[in-house]
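Chemist: The chain contents come next:
Protein chains: 2
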Amino acid sequence: MSAPIRIGGATRLYAIMGDPIAQVRSPEVFSARFADAGVDAVVVPWHVPVQRFDALVPALLSLANLDGVLVTVPFKARMAPFASRLGATAECIGAVNALRRETDDSWSGDMFDGIGFVRGADNKGERIRGRRAALFGAGGAGSAIACALASAKVESIDIIDVDRARADALVQRLKAAFPGCALATASAVRKGIDLVVNASPVGMGAGDGLPGEIPPLDADTLVGDVVISDTPTALVRHAARSGCRWVDGRDMLGGQVDAILSFFAASRSAG
Amino acid sequence: MSAPIRIGGATRLYAIMGDPIAQVRSPEVFSARFADAGVDAVVVPWHVPVQRFDALVPALLSLANLDGVLVTVPFKARMAPFASRLGATAECIGAVNALRRETDDSWSGDMFDGIGFVRGADNKGERIRGRRAALFGAGGAGSAIACALASAKVESIDIIDVDRARADALVQRLKAAFPGCALATASAVRKGIDLVVNASPVGMGAGDGLPGEIPPLDADTLVGDVVISDTPTALVRHAARSGCRWVDGRDMLGGQVDAILSFFAASRSAG
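Chains as they are written, first to last, in my numbering: chain A, 1 to 271; chain B, 272 to 542.
These are calculated hints, taken from the structure and not from any lab test. No experiment lies behind these values; they were computed from the predicted model shown.
Okay, the calculated beta carbon distance ranges per label pair:
no. : chain 1 : residue 1 : chain 2 : residue 2 : range
1   : B       : 325       : A       : 10        : 21 to 27 Å
2   : A       : 50        : B       : 325       : 22 to 28 Å
3   : B       : 325       : A       : 269       : 33 to 39 Å
4   : A       : 94        : B       : 536       : 41 to 47 Å
5   : B       : 325       : A       : 103       : 22 to 28 Å
Glycine residues also receive a C-beta, built at the ideal position from the N, C-alpha and C atoms.
Start from the sequences, fold in the hints, and give me the full structure.
Modeler: Given below as structure tokens:
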């Protein structure tokens, strides 16, 4: 049972910006978490029309009782320049999905789409450090997860994408930022891999199979899938059949909410 | 028992703009009314810094899921030019306290500070039409109430203000808009008055007396006082002792909330 949401004159505001916006779950999820924690704050949806984004953002960030912003499609990359400083992940992939107001009224941004996987795994007692990863998908979610995996000190990441050039570009970017991690483009899951993560859209369709060629998995392989679906994806079913542990889209979302709330709270406690 | 407030991605936004903002009660009051009516909408506080007002307003009004705005101190007059069209009261006094988005995305504004008194009286079964009014205070609240009284077809209004020039200016403005109403500046409540309204700040202080010279009142005199206070003001006590009915600050606020919700709903039902 959640604490009731209250909105008063002194309530601090957080907003999620997107276009469209009606589909987002963050206002519900975060407002409930604030209420449960006794924080007088809510997250409201802001439908920012794409063509007005650059003109609107500076004005919106000037609202004096706005303490934080969440950013969704299609603004994650466009929002990055509006932050005065970026966290390492945002810096590496050039996109943000959360910003907070600092005590000097400047804005800091970071990207939590990838850390959600690491926190989600952590919440389930799974280790990331030292694993040899294969990652399907080099788009927005894939870039963020690759960066989070490298930050969490995996030994290596093989990046697999139908768009080979996109995979190569991501490998180059990550190599510069994480010289200690072995990065390569790949076309299938090779032997020795003990972490398989899907960050491609495969699995969102009801009849979708695996995101690529995946051999039988050892039981100590950890499997992740960004897809949020009511029934387990083919990849999660494959993991279960192989006796593996897994982190699904909901686990990642939960991990991401935790990580963003910590990010927001750090600014409030400094204020 | 109110219905719980929920905020989701599809929730429509209303905001109250002011500087400062923490003291406003509208987010609580209106959000509860929306929830009770089953309308998926909330009112949130927007602290718009005074010096940024003109730059921020056009941006804020561009948020595509913003359906209405409430306006409080010090923006009621400055907000009027941002409406594409003004209601009669707003037109007459050059200030707005509520705007709604129309189906063509333009904004209509009106001033409900005065209609609150008329609706508050109506809610208590009291007639306004045909009365001979004495009104203390020719400031923002007084102007709005004078205009609402004239619209509600009182026979006459005597306007009493320590700043005589301000009272004269209001009389001139109202005369042009309401040729059928007898308007005059006065210095006291004269014989024959059967409606006495205080729209001055007198009564806000704990030890305040009456807002001016007020003779014994006939029991059929209706008394109004804009002051919202936990204990009855001197004017309300005077009314009670004289056997009069009265409309106090809370009654007016209730009447105003009703009037603004009707104004907002008219736009939603057209959409």
